[in-house]
Structures are given as structure tokens and as C-alpha cells.
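Visitor: Please construct the entire structure, taking both the sequences and the accompanying hints into account.
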Amino acid sequence: MRYLVVCLALLVGCASGTNQEVGRIRAALTPARIAAIDVPMVLVEAPDIGVAATLLQVGRNGDVITWQTRDGVQLSVRAGVIVATRGFGHDVMSSDTSGVQRALASRAGTHRRVWSEPDGDFGLVFRYVDCVMGIVGRHRNDGLAGPPMVTRLREVCDGPDGTIRNWYDVGPDGFIWASSQWVTPQIGSLQVTVVKR
Amino acid sequence: MVMRVVAAIAVLVGHLWSGQAAAHDLPPGYNNFGVPGFIETPNAHSAPDADLAFSFSRFAGQTRSTLTFQASPRLSASFRYAAIDNVRSPNGVVYDDVLDRSFSLRYRLSDETDYLPALAVGLDDFAGTGIYSAEYLVATKALNPSLSLTAGIGWGRLAGVGGFDNPLGGRFTDRSKQDVGQGGALRGNNLFKGDAAFFGGIDWQLTDQLGLVAEYSSDALDYQDSGNFDRRSPVNVALRYAPRDDVQISAQYLHGSTLAAHFAYVVNPATSPSGGGYAPGPVPVVPLRAVAPSDTAIAAKLADEGLRLHAISRHPGRIRVEVVNLTYRAPAQAIGRTARVLAAHAPADLRYFDIALVAQGVAGPVMRLSRADMTQYEFALEGAATLLSTTQIDAPATRPMPVAQPIFNWGISPYITPNIFDPDDPLRADIGLALDASWSPVPGVVIAGTLRQRVAGNLDQATRMSDSVLPRVRSEFALYDREGDLDLIDLTAAWYAQPSPAVTTRLTVGLLEEMFGGVSAELLWSPDDIQLAFGLELNHVWQRGFESDLGFRDYDVTTGHGSIYWDMGAGYHTRLDAGRYLAGDWGSTIALSREFRNGWSVGAFATFTDVSFEDFGEGSFDKGITISVPVSWLSGRPSRDSVDRTIRPVTRDGGARLHVEGRLHDLTRELGADAIRGSWGRVWR
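As given, the protein sequences belong to chains F and B, one line each in that order.
If you read the first sequence in my numbering, its first letter stands for residue 1, the second for the next number, and so on.
If you read the second sequence in my numbering, its first letter stands for residue 1, the second for the next number, and so on.
Where hints are given, some of them may not hold.
Heads up, incomplete: computed chain F residues facing chain B, CB under 8 Å, no partners named [as the list claims (entries may be wrong)]:
1) GLN57
2) VAL58
3) GLY59
4) ASN61
5) ASP91
6) GLY120
Some chain B residues flagged as far from chain F (calculated, every beta-carbon gap over 12 Å) [stated by the list, open to error]:
7) PHE79
8) LEU116
9) ASP195
10) ALA242
11) ILE312
12) PRO406
13) GLY411
14) SER413
15) ARG428
16) VAL442
17) LEU488
18) LEU491
19) LEU550
20) GLY551
21) ASP554
22) ASP615
It is worth saying that the hints were derived from the structure and are not from the lab.
Here a beta-carbon is modelled for each residue, glycine too, at the ideal position from N, C-alpha and C.
Guide: What follows is the structure, encoded as C-alpha cells:
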């Protein structure tokens, strides 16, 4: 019910996660509408597959928050880093993000990302990439919420399937207000923007 | 002796499975016979393991449709249906419009290495009329990632041009003339006999999508060139275009005189177009909001997940539930979603969840998951494996807890009943609507029926009458199709029981299938510690009337089988049935299949009974292939439905087995510990 109220407050409907024009929801999230939202919310855009949706929290297990669209697509995030997805089809089933979290905290360094994907025959395939984290610089926060200035960190990973480039816009307290994180070859990158912390 | 045979089969299975894909980057390419090859000749490449290729070629009055399955990395099997104009038989008679079914097998003997070519042996049309009968030994070597050469030696059809005395000599010197008899029988006495000839080709991959192929074909096309075209040259050329990984199109110039086209479409059952599927995400183990933890609320939450609560009981520190999996192909996913609902909504003092899947009152093993482990491993990298290692697995409960209420289900869905091998019209089908209903008043008792209303189709136009000399238990199928538009397909009452954890029983009475009604009793013993299960089924049935109503004809028979089911590992399964078939004939059936955890299955079967090949009629003995495609694989949405097809070259009366819904091996397998473990990769899905 609360979700419905939020959706009505936005007047854009909450995206079903399919065939939603990327950018339309972002444009509809005006400061006035965001101010009316009273629950944590993120906007997730998948430019490579052309879908976007707002997500609300449905679970919190330790430091992992699970966000969900109205039609059940889920994104589980640990301190701003995606650890699992559900409902995209070619999902991240599980991952070890300890390396990237250390690198984010120190804003530099090398680390390994390891994750598993469904293999099509009810099994799991494990993959990894080796990454380098570095600071791009401070810039004006062009996200939907947060401080006026953020620090952009860039993560570049080389793996057997090619190069992955992620970025994170981090506030002074280390909170990630927006990011672009590569998930799987079929989904590509997910841009996660905090609408309401 | 038996141990020796089992050991030999185990070694063979090991070899089948051990092969690696050939060490080349070229796509395997399918030839006009639908097997890996160039244009009309084969090469030694294999398709990727588990590829299922649908191949169509057309030239000069011949249309060949072939289904080829890469059954293991080394072994592939093909079933082919060809329509050929103007076939000239060895005695000179020319037949119009021959519809010919044939099988092929090929085996890659050795893999390609840096210095040695891949080597394969193949048998074409070894059990049909023999129009395409050939054997070959072929070698292929990639010179670089885009260029490969092939050379081979062929017998039979492949020894028509440039033939020479058989190098095998001795009793291989002469190949007997074609004597097709009733067709369908194995003609092993001709294998690798008669003259031999060389063939070969070159495959040049110009770009990722475009390839140029040229071959020297030793096929003289003796049977097919009467009036359709002139065979002027043994050299064929083709331009091959692969716009996607799963599509191959080629334009060809054959035998110096005619143009041809070929199309192949490939699916791989071991991969899924939708990855893990588009099902909504599961209930978080620790949700933001939990419901009031009543049994009714838990049942409602399970229903949201596509699971029906069958029974529930609370004990100190733990809660026990039995659920009916209505939705998920992977039993582990049903268990995982049940556990999530309990973790999210059951009171916190219940630390363990005992979960069993139930179908028709028969229960699977009890999986005891701990709330603490679920919370700890929900997002762990190896969370699925770790959760399995901490899950206690106990034997099934033999007395399921009482069900809360009787269950009634019904649904209306479209149906299609194709009949693809009628010689008068090889593509007939009916479509319509089917009403399915079932009522389970108490656990283990199911009353069910299917009513079909035909809407459109042409099955009723089949006019070919049975010429069978046996009791016509199947060969009059066209009369069932023709009579009546509203058909009562089945109407049964069944009682399932589980007298011990490893033993299940079934008793079914009523209209068992479209053609027979009566009583069917079955017992299955599935010992926990071996990969074998043993079944016994006894039926007495009466033949139903052609109108598919409540009427019967004047034929009844006692039929039944002893069955051994062998899970050979790596997805390979064998079933052996021995007993009495519907026409009163005694014999046995061997069925081999490769089954994938996602629900795909591809198999073949053959039945030999005391009916002679002559009395059996066309085809000589009952045989066919089976394909099962899970709807969830096609749609990406969770579903337990599948599209099942049995393709028989000919439907006759010998070796015909009764169809009964709810046979115990299928029912219990999907509840069992092996199926749960095999699908455990989806427990967190």
C-alpha cells in the first residue's frame, strides 16, 4: 500500500521494469516530488537493455539491503555495491564484494571481484575479474539526492570477457549516492541512483 | 557376466562423456543430411555438446528434414524425414513421391591435436529403406582458425563415384542389393561392405558469418537422379552464412547442374535463453515487514510463491511443512522459497524448518534448514553449497500429515495434436481446447479427467485404413481422430501410497487413455543408495470406442511390465521394460535418454516382441524418439509444464504400451534427494 502511495506521489507510476524508457522516470523525479517521498528509494536504470524502475526496500539482512520493483525484480546491495540480482534473467546469483569494498574505503588499490551466475541447467558458473580502483576527481553532484559535491571513483576490471568500467559517486561520509556497476554480459551496467536515503 | 557388461557400459559412458570439443574455431556446419559436414558429405567435426539441430535442405525434387542431437561430446544421432520425387529402385522401377525416414549415428573417435586430425566414423540410414545407406570414416584438420581440410573414405551411397575394391577385403567385398522388406529393420549385414571411395572437402571461413565450402562428393545419387537433374560433376560448392550462432543458411551449386538451399537452426538444451528466468525475486530472509505468523498467513505467503501448503505442524524450536510444488521446475527452488517464507514470517523461536515436497500424497525427503544458516549465507558467494552442507536430509515420512482441505483444480488450455508422418499428408494436426480437472478429497486420492473440444484441423481427413494382422490396438488411431469432436480423453480415480520410504504404489481405475480403459496397478522400489529403481505394473484394459466417450469395443487384454530404471550419471538414463504389450505380444523395450536438470529430455526407444517383422508391418518393430521441452525454458517464466512429443516413424500395433498418467518413477523422481541436490544451484532463486 505504501508503495502505491509513493507511486501516486510520483505521478509517473512505478516502472514495471520492462520496456520503460530510460530517462523518463529520472525526468519525472523532480525535487518537489522527491521531497514528498518519505521512504528510502533508489532509481535503477539499465541503459544496455533499455529498462528503468524505482525500487523500494523489502529486506535487510545484516549490511545487505534488498530493493525491489513493483513486479518483483530485485537488487541486493551491500554499502552501495551490488551483491545479487533477481528477475533480470541473467542475474548475479551471489558475489564476494569484500575486495571492492576495501578499495572503495581506501579510494584506491587493486582487488578481485568474484561472482556466480545461473548456467541455464540449474547450476552456477563462477567468474572473476581483477580490478583497479582510483579517484577521478570531485565534481558537482548531478544525481537526485545528496551533497552538492561528490568524489567520483573509477573501477576498471580486466577479465576473460573484456574490460569492465564502473564508477561510484561518493559523499564525504563515504556513502555512495550514485553508481554505474556492470552486472552480467546480458544486462550490462546498472546505474543506481539514490532517490531517498 | 552381468557385472562385465555393466563395467563395459560404464567405460563406454565414460568415453562418451570424456571427449572435448574439437580443437578448432570453425562452426561445425551441418550438411544437407543434417549431420556435421560440408554440403552432401560429412566431416569429422562434432557440434557442441547437447546441440539439437533442425536442418532442412531442398534440391531437385528432394526435401530433407533432419533432427540431429549431439548426445555426448563424441556421439550424435539423427532422425531424417525425406520427401523424394522419382526414386529409382535397384530394379529400375521409378517411384513418385517417396516419403522416407532414416536414422544416422556418428562417433568422433579421436580429437584433433596440433598435428593429427579429428577422426569420426558414421552410419547413415542403417535402419530404414536404405535409400541413403552409407558408412564412412572421415578425418578433418584445421590448418588455421579459418581453414580446414577433410578427407574420408565411404561405403554404400558414398562409394558411387570413383569406387574401388573394398580395402577391408574378405567378407566385406560384396554389398547385397537393397532389400528393404518392411523397412525399419537393422541392416547390419551390409555395414562397410562393397566398393569404397574417397571424398573430401575444404571449408574456408571468410568472416565470422560467411564461409565458402567446396567438396568432392563420391555420392552418385543412383536413386535420386532419375529425371530430376543431371549429375555432371562430383564437385559441389556452397556459400554458408551464419547471421547468428544458432542459424546457418547456405546457397549451393550441386553436381554441376542444380541449385540448392539449406537451413539449420540449433538450440542447446544445456543453455537457457533467459538465464535463470524472469520469475519475481523471492521473499527476503529478513524482510522489512513480516505478517502475523498464523498458519493461514503462512499458507497465503506460500501461495504467493506458487506453493500450496499441504500440511503444517509446530514443534519446540522447529516448524514442519509439507508443500506441493505447483510452479518450479527445480525442486530446490520450491524448498528454498518455502524456507524463505518460514524464515521471514514464522515466529523467531522456531529455529529449524523441516520441509518436504509432496505430490499426490507421496512425500520426498525431509530437508531441515536452519534459520541461522539461511540468514548467514543468503548473500554468501558460495551460499548455496554452504547451505546444502548444513542441511540435514532425512528419509521421507511414510505417513503424510493430514491435509487441511480437499483440493480441486481445473483449467482450460489450448492443445495441438500433430500427426507428422501420414504418407498421404505428412503434416496433419488438430487444434482445440482442453478442459483438465482434478479433485483430491484426501491425501493420495486423485480423481481427474480431460475433455477436449476440437476447433479446427485435418486429422479427420486421414483415410488410410489399418492393414494390421495383429489386434488393432494403435493402428486405428485415425478413427479416434475422425469420430466425434468432443472427446473424453481420460477419466480416472487413482490412489497413491507410500508404504515405506523407498516403496510407492499406485492403483488407477477408469478411462486410462484415449484408446484404453480399465485398471492399472503399479509398485516402485527406489532404494536410496543405488542408482537403480525397480517397477512392476499390471493392467487389465478394454479398448475404448472410436467416439472417445464411455463406450468400449470388444477387445480386452492383460498387459504389464517389470521395469528397471538406471540413472547412469551425467544426465544419461536407461529404462528397460519387459512384459506383455497391448496386442498380447511379449517382449521388451529399451529406452535411452539424456535428461537435463532444467527439464529438457531427448531420448530414443526400441521395442522387440515375439511379433515377427512381417506381422508387425511397415517399420518392422516399434521405435521412436522422445523430446520433452520445459515451458519454463521457452518462456523464462516459472512453470512445471512441458511440451512432450514422441516421434514414431510409423504407428503400428506390435510393442504398443498402455499410457497411464502418474507413473511412479516420474512422480517420485522429482521429489527425490537426487533431484533436489541436482537443482540446488537454484535454492536461493
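Visitor: Taking the closest pair, is the beta carbon of B:ILE312 still more than 12 Å from chain F?
Guide: Holds, since 23 Å exceeds 12 Å.
Visitor: Taking 12 Å as the cut and beta carbons as the points, is B:SER413 off the interface with chain F?
Guide: Holds, since 24 Å exceeds 12 Å.
Visitor: Test the statement that B:LEU491 is away from the interface with chain F: the closest C-beta pair must be farther apart than 12 Å.
Guide: Given a closest Cβ separation of 35 Å, the condition holds.
Visitor: Examine each Cβ of chain F, and state whether all of them lie more than 12 Å from the Cβ of B:ASP554.
Guide: 49 Å, holds
Visitor: When you look at the beta carbon of B:GLY411, is every beta carbon of chain F farther off than 12 Å?
Guide: Correct as stated: the minimum Cβ-Cβ distance to chain F is 23 Å, above 12 Å.
Visitor: Mind verifying the non-interface call on B:ALA242? Its CB should be farther than 12 Å from each CB in chain F.
Guide: Nearest chain F Cβ is 20 Å from B:ALA242, so the label holds.
Visitor: Should the label of B:GLY551 as a non-interface residue stand, given a Cβ cut-off of 12 Å to chain F?
Guide: Fine: 45 Å to the nearest Cβ keeps B:GLY551 off the interface.
Visitor: Beyond 12 Å from chain F, beta-carbon-wise, is B:LEU550?
Guide: Consistent with the label, B:LEU550 stays out of reach of chain F, its closest Cβ about 43 Å off (over 12 Å).
Visitor: Please settle this one: B:PHE79 was flagged as non-interface, so is its CB more than 12 Å from every CB on chain F?
Guide: 24 Å, holds
Visitor: B:ASP615: least C-beta distance to chain F exceeds 12 Å?
Guide: 43 Å, holds
Visitor: Answer holds if the nearest beta-carbon of chain B is closer than 8 Å to that of F:ASN61; otherwise answer violated.
Guide: 4 Å, holds
Visitor: For the hint on F:GLY59, does the least C-beta distance to chain B fall short of 8 Å?
Guide: Holds. Min distance 2 Å.
Checked against the numbered hints above, the structure violates none of them.
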